[in-house]
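Two independent chains are provided; combine them into the complex using the hints.
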Amino acid sequence: GAGVSQSPRYKVAKRGQDVALRCDPISGHVSLFWYQQALGQGPEFLTYFQNEAQLDKSGLPSDRFFAERPEGSVSTLKIQRTQQEDSAVYLCASSLRFQGNNHLRYFGPGTRLTVT
Amino acid sequence: SQQGEEDPQALSIQEGENATMNCSYKTSINNLQWYRQNSGRGLVHLILIRSNEREKHSGRLRVTLDTSKKSSSLLITASRAADTASYFCATATQGAQKLVFGQGTRLTINP
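Protein chains in written order, with this note's numbering: chain F, 1 to 116; chain A, 117 to 227.
Source of the hints: derived by calculation from the structure; they are not laboratory data.
All values derive from a computational prediction rather than experimental measurement.
In this text, a Cβ means the ideal position worked out from N, Cα and C, and glycines have one as well.
Treat each hint with caution, since some may be false.
For each label pair, taking beta carbons as the anchor points, the in silico distance ranges come out as [as the list claims (entries may be wrong)]: (1) 184/A / 116/F: 42 to 50 Å; (2) 71/F / 156/A: 25 to 33 Å; (3) 10/F / 132/A: 31 to 39 Å; (4) 134/A / 61/F: 35 to 43 Å; (5) 155/A / 116/F: 18 to 26 Å; (6) 170/A / 74/F: 35 to 43 Å; (7) 51/F / 167/A: 26 to 34 Å; (8) 160/A / 56/F: 28 to 36 Å; (9) 132/A / 15/F: 43 to 51 Å.
Bound-form chain A, shown alone (with noise of 0.2 Å):
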């Protein structure tokens, strides 16, 4: 079973707003990370944070994780049409290889 909730399931912004997507997760981890997915395709590695960093920021993309929580947040500044995709949250334990997914986030930027 998936270990990650998503909130909200679904988001439709307009262009050029930013999106906020969360993701909360049961058991301590090695570190969590995003993927995107576009319709029909396979997903893509957009960050990965360690379970002793905060915050990290790549491009226009910014995730804060808290630990004590058990939450993460993906942020997605001055969105664009091209950024209409499904995210998912996925967390790694410590010894472990697998990556739990949550159920994701369906993103629509409205041009």
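So here's chain F without its partners, still in its complex pose (with noise of 0.2 Å):
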């Protein structure tokens, strides 16, 4: 079956622009996470649903973010105003069952966003 993807793949925003970013898991998995990851660094947490619920999104830098799964499955990562800084590259994540957190994640190819 297919894996999680993400689209675009690739977007450039001008400063101060709005995006939406968007994650298609894998059908039928419960958990999606999204991940920032800088140029050189490790993935940072972002934030987490269960189904509908989002459940965590202490990792949102600011309140220029915000995430949703409306119906629990499909997410979208929105970014307001954007700036320089938000460039990187934006990871989604899902995995088959929500309980304990030794369920494997399997991640899409991300979305690298370059802000001008």
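What follows is the structure, encoded as structure tokens:
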């Protein structure tokens, strides 16, 4: 079956523009995660959903970042009034179950956002 | 901020040699996972070791975990050019769903 897909793969935005990044998790996966990966760094946690409920958004860097998963499947990460420091790869991951944290996360290829 | 520190930051070896990467972390964990990331691609899960395990093997991979020293190592034996990638350790704490990643080791295998 298909893995986690993300779109667009590449996005160039002018500073101040709003962007929306989409994640299609593996069908049936309950948990969904967003990570931000700056160049040359490891991924940093942004937010976590269990079905449609956003259970942890402690990693969102500012109120310009907003994520939703209204029907418990596809998720969108929105960044308002983009700034240069938002340039990074945004990774989405999904996981089959939510109990415990031993379950494998499957990562998508990421969206590379460049803010000019 | 990231919890893990990985060592070395970059490693370049000849094909056929073994590669060892180390990871240290700061807080008590439930498990530790290793991931590989090829350039421009997503992360691929390699192996998970639980806090009550000391060593785990998967094919050419060997992972050790020392909870007293809060450290882990990943050994890749008989390296191949296709092993060229960045390798990240990630820790999971009890009750938390998020993974905390290290900064990664960039491994280059020279043919």
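Structure-based check of all given hints:
Taking the beta carbon of each, residue 184/A and residue 116/F are about 48 Å apart, inside 42 to 50 Å as hinted. For residue 71/F and residue 156/A, the hinted distance range of 25 to 33 Å is satisfied, since their beta carbons lie about 30 Å from each other. In this structure, residue 10/F and residue 132/A meet the distance hint of 31 to 39 Å, their C-beta atoms being roughly 36 Å apart. Hint check: residue 134/A to residue 61/F, Cβ distance near 39 Å, so the stated range 35 to 43 Å holds.
Range check, residue 155/A to residue 116/F: about 22 Å between beta-carbon atoms, so the 18 to 26 Å window is met. The hinted range of 35 to 43 Å is satisfied by residue 170/A and residue 74/F, whose Cβ atoms lie roughly 41 Å apart. Between residue 51/F and residue 167/A the CB atoms are about 28 Å apart, so this pair conforms to the stated range of 26 to 34 Å. The supplied range of 28 to 36 Å is broken by residue 160/A and residue 56/F, whose beta-carbon atoms lie about 24 Å from each other.
Our hint of 43 to 51 Å for residue 132/A and residue 15/F holds, since their Cβ atoms are close to 48 Å apart.
The structure fails to meet hint 8 from the earlier list, while all remaining hints are met.
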